[in-house]
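A.B. asks: Using the sequences plus the hints, can you model the full thing?
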Amino acid sequence: MPEAKAPLPALDPGNTPFWTGGCNGELLICRCGSCRRWLHPPVPICRFCLSTDVAPEPSSGRGNVLTYTINRQQWLPSLPPPYVIAVIGLDDDLDLRVTSRLAGVEPEQVSNGMRVRVCFEEAGDVWLPLFMPEGTADE
Amino acid sequence: MSDCGTGAVISGIGQSDVGRRLGRSGLSLTVEAVLDALADSGLDRADIDGLSTWPGGSGPAPGFTGAGVFDVKDALGLNLEWFSGGSETAGQLGAIVNAVAAIRAGLATHVLCFRTVWESTAQTAGRRASVIGSGGERVSGSHQWMVPFGAVSAANWAALLASRHFHEFGTTREQVAGLATTLRANAALNPKAVLRDPMTIEDYLNARMISEPLCLFDCDIPVDGSTAVIISAAGAMADLAAKPVGIEAMGSALRGRPYWDQYQDLTSMAAQDAAEALWRNTTLTARDVDVAQLYDGFSILTLIWLEALGLCGRGEAGPFVAGGGRIARTGELPVNSGGGQLSAGRLHGFGHLHEACVQLRGLGDDRQVPGDPEVAVVAAGGGYLAGALLLTRYR
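So the protein lines, in turn, are chains A and B.
To convert, take the position in the first sequence, counting from 1, and add 16; that gives the working numbering.
To convert, take the position in the second sequence, counting from 1, and add 31; that gives the working numbering.
No wet-lab data here; the hints were simulated from the structure.
Values in this document were obtained by computation on a predicted structure and should not be read as measured data.
Glycine included, every Cβ here is placed at the ideal spot set by N, Cα and C.
Mixed in with the good hints there might be a few duds.
FRET-style restraints, in silico, Cβ to Cβ [said to hold, decoys possible]:
(1) A:139 - B:311: 44 to 50 angstroms
(2) A:69 - B:75: 55 to 61 angstroms
(3) A:66 - B:397: 54 to 60 angstroms
C.D. replies: Okay, here's the thing in structure tokens:
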């Protein structure tokens, strides 16, 4: 699958852990220090218990594909299709999801429920958390 | 007057020329729509004391908005008691909800509402209007959780919902074809529609994929055009020339998480919340609806609105639209009688609102829904944007 180059996120104090944790191989996601629920996108308060004791923690980076789409349209010159966009349900919390792009898998091999794990793609000052099938060679 | 639940009516409707690459400014289109609405209502410029629009003067992509509150206020020399323009409201129809709220609060009596797009001309000028980050800039806000992974178009975001809907409920492209082909048939009867050549189910199934399972004909068509409506206090009826349309109820609730990918049910969206609120605000029910104008920026959004509004069962929108018989102009529930955004063009929710008024006033000419429709539901928005209106023929 060709490499996709999409516009990057603008880093700010709230989102920097998520977008740069990959430099240490970590998918950093906000977690409530009080009720221990995971919270994404990053927030300074827990929407479950309203505790402000919220800080990024390394997540398992493992989960399954909840839904996906094979993008076939070339939207930008730097984004050659096809590539697969997926919503990943992470194992750490029932309600914890991230949208990402799948790597290391042919689009036609993707299915709902497929097990995946995080991998990182360095892009300037951010590390994009992508997901690849569990059990792929370099694991 | 007592049968108008919100105490507000739609006293006039107007629309500019609609088309592709019209080469006109957004403000020019807006002025045309506004003058049309004023003439329809019989109101004078001096009667207009409120102004409301979505998303205001700036948008995320070229051509996404053609005029803001201040542009129109100044161009028309309006004296305003109240005004509002912005995107953080209950979808495109949030501009109407806000106008009704202002009228009910006594801040204004006749509120001019408009929505203008000129994406077709803006795209021709060199930039793809519907892609986030096409200028190479970094992304922030909620877009940052989608765009860096290549989900740069709303087509991708909607495709994720469609994919899950197909997976959970067995919805198929063959079923969805019934929606696309029906709307194309409706568009053939609408002189302002941009795509009027017949479409067969085969045409649909053979269309190229955009973001699976959405193909080209699941995506609406960028156009240039402006729609204006005037919302008036029901108590100010004496001023009016046209037969008004009653605003029976509105739904503007937002309960689930405000993201395309974080709404609890990945086969639905904020439409669920707005629809639930709509029915809580009226004694009418889904069974009373004679005609439905449901947002179709992407075909799957119409399916989700059908289910959210209870116009069909949960997960049953695929079978409901299959073959097109039920949703045809002559079917049990006519949907998007003007061709919708899929075939008439992306007037972004306000086209649906205009068409609902046309049908309730019996102005549909060749495309008039038979049986003198009395109740119309209008719903607009996708993802975390959702608003719904229940309109009635004024008695």
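A.B. asks: Are the hints correct? Go through all of them and say.
C.D. replies: How the hints compare with the structure:
Taken as a hint, the range 44 to 50 angstroms holds for the pair residue 139 of chain A and residue 311 of chain B, whose Cβ atoms sit roughly 47 angstroms apart. Checked against the hint of 55 to 61 angstroms, the pair residue 69 of chain A and residue 75 of chain B passes, with Cβ atoms roughly 60 angstroms apart. The given range of 54 to 60 angstroms is respected by residue 66 of chain A and residue 397 of chain B, whose C-beta atoms sit roughly 57 angstroms from each other.
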